[in-house]
Amino acid sequence: MRLRRSLAVAVAVAVTTPVALFTAAPALAAGAPAAQTQNQPTYAELKKAAADAQKAYEKALAAKEEGQEKVKATLEALDSDTHPLKAATITADKAAGEAADTETAAEKAVRDAEAAVEAAQGETEKAEAEKALETAEADLAKAVEAKEKADAAAEAARTALDDARVAAVREYSVLKKALDDALAAKEAAEEALGTAEECVRETGLTSLAVGLPAEVVAGTTVDFTLRVTNGTERTLTVDPLAFVHVDGERGGEKSRLAVEWSNGSGWHALNGDEPEHIAHIDTMAPGERSDVKLRMTVAPDAASADAFALFAADASSAYRPCVLGPMKRYDFELLPAGSDPGPVDDADPGQTGKDDDQRPATAGPGTTPQGGAAGQPVTTARTTPTTPTTRTAGTGTYGTTAATATTGGTLAQTGTSPALAPLGAASAVAVALGAGAVLAARRRMTADR
156 MRLRRSLAVA VAVAVTTPVA LFTAAPALAA GAPAAQTQNQ PTYAELKKAA ADAQKAYEKA
216 LAAKEEGQEK VKATLEALDS DTHPLKAATI TADKAAGEAA DTETAAEKAV RDAEAAVEAA
276 QGETEKAEAE KALETAEADL AKAVEAKEKA DAAAEAARTA LDDARVAAVR EYSVLKKALD
336 DALAAKEAAE EALGTAEECV RETGLTSLAV GLPAEVVAGT TVDFTLRVTN GTERTLTVDP
396 LAFVHVDGER GGEKSRLAVE WSNGSGWHAL NGDEPEHIAH IDTMAPGERS DVKLRMTVAP
456 DAASADAFAL FAADASSAYR PCVLGPMKRY DFELLPAGSD PGPVDDADPG QTGKDDDQRP
516 ATAGPGTTPQ GGAAGQPVTT ARTTPTTPTT RTAGTGTYGT TAATATTGGT LAQTGTSPAL
576 APLGAASAVA VALGAGAVLA ARRRMTADR
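Under the working numbering, the letters of the sequence shown match residues 156 to 604, in that order.
Derived by calculation from the structure, the hints in this document are not laboratory data.
Just so it is clear, CB atoms sit at the ideal spot from N, CA and C, and this is done for glycine as well.
A hint or two may mislead.
[Claimed, not checked] In silico DSS-like pairs for lysine-lysine, Cα to Cα no more than 25 Å straight-line:
| hint | residue 1 | residue 2 |
| --- | --- | --- |
| 1 | Lys331 | Lys225 |
| 2 | Lys304 | Lys241 |
| 3 | Lys225 | Lys210 |
| 4 | Lys297 | Lys249 |
| 5 | Lys214 | Lys297 |
| 6 | Lys249 | Lys225 |
| 7 | Lys281 | Lys263 |
| 8 | Lys227 | Lys331 |
| 9 | Lys214 | Lys203 |
| 10 | Lys304 | Lys263 |
| 11 | Lys214 | Lys225 |
[To be verified] Ranges of calculated distance between the beta carbons of each label pair, as one might list FRET restraints:
| hint | residue 1 | residue 2 | range |
| --- | --- | --- | --- |
| 12 | Glu388 | Asp335 | 33 to 43 Å |
| 13 | Ala296 | Gln223 | 43 to 53 Å |
| 14 | Glu213 | Arg356 | 29 to 39 Å |
| 15 | Asp495 | Asp461 | 17 to 27 Å |
| 16 | Arg356 | Ala199 | 20 to 30 Å |
| 17 | Gly407 | Asp461 | 15 to 25 Å |
| 18 | Asp495 | Arg405 | 26 to 36 Å |
| 19 | Arg356 | Asp437 | 14 to 24 Å |
Based on the sequences and whatever the hints tell you, model everything.
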């Protein structure tokens with residue numbers, strides 16, 4: 156009875172596993188419109204399906220192992236002379252053998268009676284021989300009938316024993332098939348979940364530095380804005396990524412730059428040693444944008460130096476836990492105190508890079524500081540700015556607002572346009588911050604979420 160329950164559970168699990176749910180997941184891709192994704196399984200559904208498939212596989216495996224022991228014990232029992240079916244077979248075979256011996260003896264008696272009839276002398280002796288022959292023939296007929304019945308009983312007993320063996324093996328075969336089906340479902344679920352967990356690039360998720368000057372004088376503070384826009388067709392959870400660094404500064408040493416950001420509830424300092432996520436945006440609908448205020452103060456004794464800022468947007472959606480917006484790098488110069496640079500343009504992003512979906516790692520347990528080891532200088536590759544733009548005075552308004560047709564200014568339009576190609580600093584970032592940790596921290600961020 157226990158085996159039958161295990162069999163029923165294993166078969167039900169294998170039959171009801173939603174394989175279609177798993178195979179639908181690879182259809183999800185970055186930039187897929189909401190109309191296409193709404194009929195697709197969410198990441199939470201895929202994760203639950205994978206967990207359920209794992210449990211189903213474990214149950215099917217346990218049922219198969221239990222069934223294997225059960226069929227082994229059943230077959231051993233059926234081979235024992237004390238088992239009722241085997242005992243019945245032995246008894247029936249013995250009876251069939253005895254019936255065969257009786258039939259053989261009856262056949263010999265008939266032959267002997269026939270010989271006696273032929274050898275009889277006189278009428279009286281012949282009559283007695285013929286009567287004996289009739290009796291022998293009658294006994295033979297009974298022996299033949301008895302042997303047929305005994306043979307049939309022996310065949311039935313052997314068939315019952317064989318059927319029991321086949322039934323035991325068949326139950327095990329069903330359990331093994333259920334395990335194979337559960338394994339296939341588990342692998343499909345894991346593949347679908349793995350596909351969903353792969354980081355994808357979303358060009359419509361843009362980050363734009365507004366008001367960051369191309370030159371900054373030592374001892375001064377400048378305000379600028381990081382504008383993040385969800386130009387996709389999906390609702391996202393967004394974590395802007397920011398990093399501002401002076402070329403040549405070693406990890407852990409006091410930086411000549413102090414950068415802070417505000418989400419409307421006070422100012423928070425960037426640590427300056429590695430990129431970090433700031434101003435978490437829990438829900439960002441398609442077309443919405445959010446402005447994060449930043450301010451950068453240059454130490455009064457700072458000498459001339461090259462510096463750069465990296466900005467991007469990390470995100471997740473109901474369908475993908477890791478969505479990467481294009482990274483932008485802005486190069487700017489530090490000028491000695493008292494310098495008069497005159498009118499200063501905004502810093503421009505560098506050229507597009509083919510690996511701009513990569514991200515430097517943020518701080519976390521076991522994370523190696525930029526430069527590869529503590530105390531190592533950070534090296535960067537400076538990119539050539541594209542067409543200059545005129546610096547604007549406004550820093551934007553903090554908050555999440557819908558980007559409508561009435562939104563004015565080229566900056567808002569640029570923020571929502573997927574045509575803004577990602578900016579080419581990924582190879583320099585990999586050198587500056589450690590190529591081995593490019594994606595690890597961003598995946599940790601999505602896992603923690």
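Comparing the hints with the structure gives:
no.: 1; hint: Lys331 <-> Lys225; in the structure: holds (13 Å)
no.: 2; hint: Lys304 <-> Lys241; in the structure: holds (19 Å)
no.: 3; hint: Lys225 <-> Lys210; in the structure: holds (22 Å)
no.: 4; hint: Lys297 <-> Lys249; in the structure: holds (18 Å)
no.: 5; hint: Lys214 <-> Lys297; in the structure: violated (59 Å)
no.: 6; hint: Lys249 <-> Lys225; in the structure: violated (30 Å)
no.: 7; hint: Lys281 <-> Lys263; in the structure: holds (19 Å)
no.: 8; hint: Lys227 <-> Lys331; in the structure: holds (14 Å)
no.: 9; hint: Lys214 <-> Lys203; in the structure: holds (16 Å)
no.: 10; hint: Lys304 <-> Lys263; in the structure: holds (21 Å)
no.: 11; hint: Lys214 <-> Lys225; in the structure: holds (16 Å)
no.: 12; hint: Glu388 <-> Asp335: 33 to 43 Å; in the structure: holds (40 Å)
no.: 13; hint: Ala296 <-> Gln223: 43 to 53 Å; in the structure: holds (52 Å)
no.: 14; hint: Glu213 <-> Arg356: 29 to 39 Å; in the structure: holds (36 Å)
no.: 15; hint: Asp495 <-> Asp461: 17 to 27 Å; in the structure: holds (20 Å)
no.: 16; hint: Arg356 <-> Ala199: 20 to 30 Å; in the structure: holds (22 Å)
no.: 17; hint: Gly407 <-> Asp461: 15 to 25 Å; in the structure: holds (20 Å)
no.: 18; hint: Asp495 <-> Arg405: 26 to 36 Å; in the structure: holds (31 Å)
no.: 19; hint: Arg356 <-> Asp437: 14 to 24 Å; in the structure: holds (22 Å)
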